[in-house]
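Start from chain A and add chain B according to the hints.
From first to last, the protein sequence lines are chains A and B. Numbered per this note's numbering, the first sequence spans residues 256 to 561. Numbered per this note's numbering, the second sequence spans residues 5 to 290.
Possibly wrong hints are sitting among the right ones.
Short, incomplete list of chain B residues facing chain A, as computed with Cβ under 8 Å [stated by the list, open to error]: (1) 19; (2) 24; (3) 25; (4) 28; (5) 45; (6) 46; (7) 59; (8) 60; (9) 64; (10) 126.
Keep in mind that the hints were calculated from the coordinates and are not lab data. Computed from a predicted model, the values in this text were never measured in an experiment. Positions of the beta carbon are idealized from the N, C-alpha and C atoms, including for glycine.
Each chain is listed here by its residues.
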Amino acid sequence: MGESRSDYDIFTAILTRLGLGAVFTEGCSEIDWAKRVFDSSDLPGHISWRNFCRKGYFVVPPEKPELRQPVDMRWFAEGRRKDVPEPHPLPSQWAEEFGMGLQTPSGKLEFVPEILKRNTADNPDRPPLNRYMPSWEGPRATERAKSYPLQMIATHSRYSFHTYADGKNSAVSQVEDHRALVSGHRFYLLRLNPADAAARGIGHRDLVKIFNDRGAVICAADISPLVAQGVVKSYEASAEFQLIDVAGETVEIGGCMNMLTPDRPQTQGTSSMSPNSCLVEVEKWRAADSFKTARAGRRAALEPVA
Amino acid sequence: MSKWNLIINVGRCENCYNCVIAERDEHVGNDFPGYAAPAAAVGDSPIRILRRVQGSPPMVETTYLPVMCNHCDDAPCIRYAGDAIRKRDDGIVIIDPVKAKGRKDIVGSCPYRAIVWNEEQQVPQTWIFDAHLLDQGWGQPRCQRVCPTGVFEAVKLEDAAMQQKAAQEGLKTLKSRLGAKPRIWYRGLERWETCFIGGSVSAEIGGVVDCMQGAKVTLSQGGKPVATTTSDGFGDFRFDNLPKGGGAYRVEALHADGRATADCVLGESVYLGELRLIRAEETADL
Chain A
256 MGESRSDYDI
266 FTAILTRLGL
276 GAVFTEGCSE
286 IDWAKRVFDS
296 SDLPGHISWR
306 NFCRKGYFVV
316 PPEKPELRQP
326 VDMRWFAEGR
336 RKDVPEPHPL
346 PSQWAEEFGM
356 GLQTPSGKLE
366 FVPEILKRNT
376 ADNPDRPPLN
386 RYMPSWEGPR
396 ATERAKSYPL
406 QMIATHSRYS
416 FHTYADGKNS
426 AVSQVEDHRA
436 LVSGHRFYLL
446 RLNPADAAAR
456 GIGHRDLVKI
466 FNDRGAVICA
476 ADISPLVAQG
486 VVKSYEASAE
496 FQLIDVAGET
506 VEIGGCMNML
516 TPDRPQTQGT
526 SSMSPNSCLV
536 EVEKWRAADS
546 FKTARAGRRA
556 ALEPVA
Chain B
5 MSKWNLIINV
15 GRCENCYNCV
25 IAERDEHVGN
35 DFPGYAAPAA
45 AVGDSPIRIL
55 RRVQGSPPMV
65 ETTYLPVMCN
75 HCDDAPCIRY
85 AGDAIRKRDD
95 GIVIIDPVKA
105 KGRKDIVGSC
115 PYRAIVWNEE
125 QQVPQTWIFD
135 AHLLDQGWGQ
145 PRCQRVCPTG
155 VFEAVKLEDA
165 AMQQKAAQEG
175 LKTLKSRLGA
185 KPRIWYRGLE
195 RWETCFIGGS
205 VSAEIGGVVD
215 CMQGAKVTLS
225 QGGKPVATTT
235 SDGFGDFRFD
245 NLPKGGGAYR
255 VEALHADGRA
265 TADCVLGESV
275 YLGELRLIRA
285 EETADL
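One chain only, chain B, in its complex shape:
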């Protein structure tokens, strides 16, 4: 049987909040019996957008990560709350608006903090994948329809086919070590989880400091080269996909106009600033 999954393209979200506003528009004041009680006009949003800013000016990279109910196949909330929450045949997890009445304790059962408490209706609530709309024949949830940058892709596939797609396209889930088997997949999650080391190569030639294109830049750790790249027209270079807290690194830039090195200890992403090339004869003078 084919089941719903949602793929989130990390790096496409630019924080416009259309998905959050559309979700509120769908649920605030609207009762969908069997799916969800009317959402409160004021309260936490079941879709949250997290932010990560890496580097420092001028090399800054911002990533926004939409986080919502993962519709887990081994859902911690179902284990905790029993028959107040059910798993539909199409994979969607629904908190029963009647059976879960008054169960504020359910909120804490989700490791993804995806359950919000509706003070007005006294029910725990989530993003229900717009199950009420899919059941009417919609092909995609509202968040996908309103997103101007194509962050969301709802796909209905057999579990085996989805596993294969995930493996082929490098899709990952959040906190996979918990083994909850989420149905929300992230494409390009490296941008959220890994770090970069970047810098800008420059040189003083004839009294003018200029950006140096085409410098061969090597990243090494403990004397062993890890990666190489070339500086672009602005003299910028960047090494991506480095592990957070990766330890001490050395960056060496080589160019016909000289050589420069910089050392850093990687906690979060680092922008090294300017690497000013020094000519071999200048080094010899030292």
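Just chain A, with the same shape it has in the complex:
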């Protein structure tokens, strides 16, 4: 349309300017490339280039039944030799006969894995048989839950992708359900249940302090029954990290919930983070007024003097 050009044209022009035009195009126009790809495929066995161009498309016929890929695990279900073309398990990993059975020591599905019995006997986090384990940092971790009674989950964020598109003055940062604008600062949201909010005298969009012995983060409260009582929810992916000192306390106002979550893996001896096993307490931020006054003062100082 208009003066717009195809990607191929654009890259050809750029590479020509870099002195690499011929290397990039190999002397071919767009249609030449289409013909080269056509020739490199199985299509010439089905349709001529001329007819293909005239018709504009070719419907690939369904695969012949005898050529279809074998279905994964069907060989095991039917007690046959493995017929799926993949390298694993390696030849030495078969329990008994090559290609027969699974790569477990017994060659069978193991509800109590032999390998875990052998290798993780000293790891209470990985019992051979799966079972419910109370969280090491959850409502049943009684000592800790006395000081920090709310269970915080810090999931992936909805509107940003990890730290991408968050902060940095982006349009996403202005999404009201992503960050709330209070006194010129966009605070991360903490979602909590009306009962938990009422018990703490917290109103919708009030600034709240979420804290435990690891730190303190300031968020704006988002109150709704979409969160169960006893649980608070935020996101793990803040792109901002802003420690400030207000009223004799250091708090983080960027929304870095990762400050509050445990450093230990979810399951010991594995590579797993634990942003959802975290106990916190939430209170209305007592220094909110000092913060707002300071912000207003700073804004006033920035106004040009008439």
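Quick look at chain B alone, frame taken from chain A:
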């Protein structure tokens, strides 16, 4: 002459903000003379998404309601601002980016709070129905193109035909009592305006508490039955489309395994929780 209308399907919006982001993408830093001055990168959005959460866990219903310029036929902003704002022949309302320069006072004239102030350009701005794109032959505004759940439906119809469609399909406008004649219609606005009373029927049988399917549940007010329904496989039941602040109601659940009642006063929607059935002989013992 056919004119533009936008139908919003209430209940389809799931708050993804694609429409808001697309609107910013279209206008931030882009000047469309005669339509709109470049929007500010930072500022209020001309499309807002309101939220309503009804009930309490586990029976919670969330509704998101996109709200924007209604392109009213009897627009309060035009009455207020005179020739700074004009009504096009196709129904679209445009705030003139030149004539409205410096007119921050116009912002307050909209009863729908759909006008935002652009601090950088010193102009009041709205969602212009993407008039600049429609004039180039687009069949729908960007909000409709980017919406993954089909919330928006732009339709170009004669006014009489639109009135008929609205009547047939139960389309409503916001704050219709103001008489501004909006061109943005809402389908299923009951979900935004009315309330529900819900609950879950259970019974203890042989020492086990279970959900009770098929209980006949009656809603009554002042002794008169208002509605009946049947509990589902989870024992859940729900009475919809009740007026906000509707007063005192009684819910009675009847089942072969017993009977249960609950009373409530309806302000906002209520989830009554569990209604545990009591057998007739147990009641007799009391």
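Status of each hint after checking the structure:
{"no.": "1", "hint": "19", "in the structure": "holds, 6 Å"}
{"no.": "2", "hint": "24", "in the structure": "holds, 7 Å"}
{"no.": "3", "hint": "25", "in the structure": "holds, 5 Å"}
{"no.": "4", "hint": "28", "in the structure": "holds, 5 Å"}
{"no.": "5", "hint": "45", "in the structure": "holds, 7 Å"}
{"no.": "6", "hint": "46", "in the structure": "holds, 6 Å"}
{"no.": "7", "hint": "59", "in the structure": "holds, 7 Å"}
{"no.": "8", "hint": "60", "in the structure": "holds, 5 Å"}
{"no.": "9", "hint": "64", "in the structure": "holds, 5 Å"}
{"no.": "10", "hint": "126", "in the structure": "violated, 16 Å"}
When the structure is compared with the earlier hints, a violation turns up for hint 10 alone.
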